[in-house]
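So you can see what is in the structure, the chains are spelled out below.
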Amino acid sequence: MFELEFMRLAFATGAIVGVLAPAVGFFLVQRRMSLIGDGIGHVAFAGVAVGYLLGISPVATALAASLAGAIAIEWLRSRRRTAGDQALALVFYTGIAAGVVLISAAGALNVDLFAFLFGSILTVTRDDLILVAALGGLGLATIMLLYRALAAVALDEEGARVAGVPIGALNIVVAALAALTISLSMRIVGILLIAALMVLPVIAATRLAWSMRSTLLLGMAIGLASVLGGLTISYYADIPPGGTVVLLAAASFVVTSTLQTVRLR
Amino acid sequence: MPIAVELRNLSFAYDSGTPVVSGVDLCVAPGEFIAVAGPNGGGKTTLMRLVLGLERPTHGEALLWGEPATHFSRRATLGYLAQRSQLGVDAPVTVREVVAAGRLVRSGLFGPLGARHALAVEEAIARVGLETEADRPLTQLSGGQQQRAFIAKALAAEPLLLVLDEPTTGVDAEAQEALAQLLDRLHRELQVTILYVSHEFGAVEHFVERLVLVRGGIIFDGAPGDLPAVWHDPAHVHV
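These protein sequence lines are chains U and B, in that order.
The numbering used here puts the first sequence at residues 1 to 265.
The numbering used here puts the second sequence at residues 1 to 239.
The hints are simulated quantities; they were obtained by calculation from the structure and are not laboratory data.
Please note: incorrect hints may appear among the correct ones.
[Unchecked claim] Facing chain B, a subset of chain U residues (Cβ under 7 Å, in silico):
1. Gln30
2. Ala149
3. Gly168
4. Ala169
5. Thr206
6. Trp210
7. Met212
Yeah, the Cβ is synthetic: ideal placement off N, Cα and C, and Gly gets one too.
With the rest of the complex left out, here is chain U (with noise of 0.2 Å):
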């Protein structure tokens, strides 16, 4: 399969995707915000749609709109005292009628559509993967460099705040690593599903892993696993990739939890 091009852009770019994905999941899943992903993918969904409505690249305007969905989770939750679950219903709905809205009006609701809601391995061009690479790699350095810092502040908030540690600001980083996985990985995983590869990966580690650092490099090891496994499976059986990284992040899952009670016997 790797003679065709599409397919070497799409294991190259899922291959980042599926590091960086499970990499950013873990501090929501230590925060217990596992479901602020689906939130700003239903924003970058309206991002989509105003990129088709101004004719302009979907990826860009995606990006731009799920930066500014999430910092508005994080701001209406931290400076509103917005219970959690309600910012992210607020801003949630909000993206997903927006986005109905204003796809419609881009008379857009066609197959392109659906391949940024259900991701797909034949949309990835040589620019989109340049792009995933460098702000992919952005991202990773961004977490390598600011490691320390945000499991602390996933570990204990309110001792880091008390002991003068930025908060606010560690908060906004992580929203913003949230929005740009979402948008880059939306053409390879899909909208709908990119969640599912931020968060599923790093609660099958949980089950095996011995710390907390192992628990994010075990994560990524499995997001990286479940992507390339599924790309794989996606092309033979010719169906949808988001679905089938997905369903093998999941199963991942149930490999773990067994390993697990294996283990404690």
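Start from chain U and add chain B according to the hints.
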């Protein structure tokens, strides 16, 4: 030497408007070890949140080393152990990872932990006697050991003020006694100011220099030995 903690005619009410604490005056000298006790819902935790600058007083002032607590410039010197239920993440976390998180305010936010700071983490772990458990996940430790790990986390930041909120929740009597002895030793070795907040104070009664009873305000402030006998039972603090 400036006073470590000073509360001046302090009152606080949440949005509902009903005061949680009112008219509180309190001075804590640097290096004091104080138990802050009282019934659940009496305002102890709120008072500590005001001390730490996490809440803004409705009336009065909360000062840390002479500065308003909400704008205290040396926050890295404050150690806070929230109630245990508020700590923890879903991933397995080792003792060393917990303690290293406490060192963040000294080491800076970026990059890996340097050798000097890694050494400080190991020293904090040794101070609470968890060297052999350093690589074990917290979930595999007893309640008392977990609390010692969180104390080491606070110590890693080399604090001047240590506030512990209900540190003995879910900890058996023997571990409570061990925890009190540990705090007494740390207090003597490090001269750190300690505010030990709990709905009961039996475990630390013999170690603290001063006992403060809180029920909407301060209803007793003095040496534990001066406390009227009837109030030794926390149930009677409702008088």
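Quick rundown of the hints versus the structure:
For the restraint placing Gln30 (chain U) at the interface with chain B, the shortest Cβ-Cβ distance is roughly 4 Å, inside the 7 Å limit, so the hint holds. Restraint check, Ala149 (chain U) versus chain B: the minimum CB separation of about 4 Å is within 7 Å; hint holds. For the restraint placing Gly168 (chain U) at the interface with chain B, the shortest Cβ-Cβ distance is roughly 13 Å, beyond the 7 Å limit, so the hint is violated. Interface hint at Ala169 (chain U): violated, since its Cβ lies 9 Å from the closest Cβ of chain B, which is beyond the 7 Å cut-off.
Given hint, Thr206 (chain U) at the interface with chain B, holds; its Cβ is 5 Å from that chain's nearest Cβ, closer than 7 Å. For the restraint placing Trp210 (chain U) at the interface with chain B, the shortest Cβ-Cβ distance is roughly 6 Å, inside the 7 Å limit, so the hint holds. Against a cut-off of 7 Å between C-beta atoms, the interface hint on Met212 (chain U) holds, since the closest Cβ of chain B lies about 5 Å away.
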